[in-house]
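Chemist: Residue-level listing of the chains:
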Amino acid sequence: MATSVETHIPTDAGAATAAEQRRGTLRRHANLARELAVSQFKLKYTGSVLGYLWSLFKPLMLFAILYVVFAKLFHLDRGNGSDNYIFQLLLGIVLFTFFQETTQTAMNSIASNGNMIRKAYFPRVILVVAATLSSLMTFFINLVLIIVIAGALGKLALGWYSLLTPLFVIELYLLVLGVSLLLSSLFVFYRDLGHIWEIFMQLLIYASAVIFPIGLVPDRFKVWVLANPVAQIIEDVRRSLVSTRIRWSVEFMGPAYVVPFGIIAIVLGAGWFVFNRLTPRFAEYL
Amino acid sequence: MSAAITCANVNKTFRIPLDRSTTLKYRVTHLRSSSRYHDLHALDDVSFEVPEGQFLGIIGHNGSGKSTLLKVLSRIYAPDSGRVQINGNVSPFLELGVGFNPELTARENVYLNGAVLGLTHAELDKRIDGIIGFAELENFADQKLKNYSSGMQVRLAFSVAIQADAQILLMDEVLAVGDARFQEKCFDVFARYKREGKTVVLVTHDIASVNLYCDRALLLDHGKLHADGPASEVTALYRRMMGQVSEAEDSAAAVDTGDRWGTREVEITGVRLLDIDGGTHRVFSAGAPVLVEVDYAVHGQVDGFLCALRVDRSDGLTLAQPEAVMAQLSMQRQLPGATGTLRYRVDALPLLAASYVLSVTLHDEHRGHTYDHLERTLAFRVIDEKSRSGLVELGGSWVVEER
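Here the protein sequences come in this chain order: B and E.
Numbering-wise (my numbering), the first sequence opens with residue 1 and increments by one.
Numbering-wise (my numbering), the second sequence opens with residue 287 and increments by one.
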C-alpha cells in the first residue's frame, strides 16, 4: 500500500524559488536548534548559585583526583611521553568530559521531550543537535580557559600545526553527533541503554588514554588504542596544543590512521539511518 | 478553489503491546512474545478534502480517532497507508503552549516558542512587544513562567501562536481553555483568519464552537468517517448519536452542552434562536430582532408551568432572566401528550459583541419544582458592526438644548 505525506508550498511566481525556500527552511531549523540550545544552557545553570562554574569545577575535581593518584602515587608524569603531564591530563579530561556529557544529555533529548514531539511537528533531529550544541558551549568555555591558563603558565606549545586543533574538534563533534543520534533514538525504546552507556563510559576513559600518556602503551598496542577515535583525537589535540615532545597519532598508525575516521563515518551513517528509521515511531511510543 | 488538504484512504493502526518492553532484560527473556499485541484501528480508510479557506470541525467521542487524524495531517504520525497532501504551510502546533518551559521567563519562552513556529530571532525582536502586549503581560515579561497563573500562560501561548505565518492551522481543543475574554480574542482571530482566507481544522468536544466557527464538520466514529457535511447537520447527528437528544427531535433545536435535570412531567424538546426571517442562527447583530423558541411536550399531570430563560455571558455573568407565566393553561394542554412551542421575542437585541449562552427551565408555578432544566444549552454570539465597547445598548436618545 502506498504511503505518503506530501507538503507542497505554493510558490508565488518569481518571488521565491525552490532553492530559496529550502534555504529559508534550513535557516528556520537552524534558528530553532540555536534557541533550544541557548535555553537548555540557561536552564542547566538556573537555580544554582555557582551556575556555569560547576561545569568547570567537575572536570577540575576529576583532574585533581586523577593527578594526585596517577602523578603523585604512580609517577605517570615522569614516564615515556609524559611531557607537560598536567596539561595533557587536563586537556584529555576536558575533551573526554565533553564526549561523555554530550552523549549522555543527547541520549535523553528525544525521550524527555515527549510532550513537544506528540503535539508539534518539526524535524526531530533538531532536538538532538540542540542538546549537543548546548554542551558544545560549555566545552568551548572550558577549552579556552585551559588554553589561557596554560598560556599564562608558559605551558603551551604552539606552532602552525596548532591550527589543526579546530579540525580535531570538528572530528570529535561529528563523532558525538553520530553517537547521539544512535543513542537518542534507541533510548526511546530501550531505557537500559542509559545504564549501559554509563558503564561503557567508565571503560572508555581508560581505553582512550585520558589518564596515561600514549607513550606508556607498548608499541604494538598503540595502533589498537589509537584506532579508538576518542583516543586519537585526544592525542592529536595534545600534540597540537601542549607538547611537541609527544607524537601525532598518524606517526604511530601509518595507513591505519584511516581507521578512527572510518569509525566516525560509520557511526555517523548508522546514527543517521537508525534515527530516521525510528523517527516515525517516536510520537506513538512516547 | 484548490484543495488545501487532501486525505485519501488514510489508515492508521496502533499496536498496543499487552506489556511494554522498555528494558533489554524483558526483550531478551521474552524473545518470542513479540506477537503479544492488540491492534487498534485508530483511522479506518478516511478520505476527505478541505478546500482552501474552509473552517472544518472534527468531532467524535473519546477515542474516535479525531486527534489521531489531526496528528496525521500535521505529520506527527505517519499513516500506515493512504495519502495526505497538504498545499501550504502548516502551523506546527496542535495545542497552545507546547514547549513552554516553566523555568524560563515569558520573554524567553516567546523566543523559544516563536522558533518552533519558524520565526527567527530578528523577526521576534520586532514582534515581541506586540506579543507581550496582546497577552497583557507587560509588567510580567521577565518573570518565570512558573509564577504565572494558568490564565496568563494561556494568553501568552495564544498571542505567540497567532504569530504563525501558516496558511493552514490545525488545532486540538484550543478553545477548551480560557475565560470569556479569551474566547472573545479567539473569535476575533478566527474572523481575521477567515478574512485572510486561511484554512482551519479544529478538533474539539465543544459542539457549540463547531457550530459557531465551522463551515463544515466531520464526524468520526471508531476511526471511520461517519458523517461529512454542514456543521449544523453533523453536530445534530452527533448529539443524537450521543443520546443527548432523541431521534424525533428537530435537528435545528440544539442542546449543546451542560447539564440537564428535572422530573420531566413537561419536557423541553427543542430550543432555537431565530432571526426575523425565521432562520436559525448562532450569530446575531447587536440591535437585530431575535426570537427564542422553546418546544415542549407534556408527559405527566401538571397544573400549569412557567418557562424561564437565562442569558449568561460565556464567562458566567448572568445578564437577563425573562420569565413567562403560563398559569392560564387549559386543561387539555396539560394532559399528557400535549406539545407546543413558546416564543420569546426581543425586538432589538440590547447586547453588544460577546459570546453568550442560553439556559432554559420549565418549572411549576410556585417555582418549587423543576420539570426540565437545560443548563447552558445554546451558545450564541453577538457581533457589532459599530464595534461599540461595553455590555449593553441602553437604547436611550440624546437631546441637545442649547441656551
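It is possible that part of the hints are untrue.
Distance condition first, Cα-Cα at most 25 Å in a straight line; then the derived DSS-like pairs of lysine-lysine [as the list claims (entries may be wrong)]:
#1 42(B) <-> 412(E)
#2 480(E) <-> 44(B)
#3 72(B) <-> 155(B)
#4 42(B) <-> 672(E)
I should point out that these hints are in silico values taken from the structure, not numbers from a laboratory.
Chemist: Determine for every hint whether it applies to the structure shown.
Modeler: Hints versus structure:
1. With a C-alpha separation of about 23 Å, the suggested pair residue 42(B) and residue 412(E) falls inside the 25 Å cut-off, and the hint holds.
2. For a cut-off of 25 Å, the pair hint linking residue 480(E) to residue 44(B) is broken: about 43 Å separates their Cα positions.
3. Only pairs whose Cα atoms come within 25 Å are accepted, and residue 72(B) paired with residue 155(B) is accepted, the gap being roughly 19 Å.
4. As the CA atoms of residue 42(B) and residue 672(E) are separated by approximately 48 Å, the hinted pair breaks the 25 Å bound.
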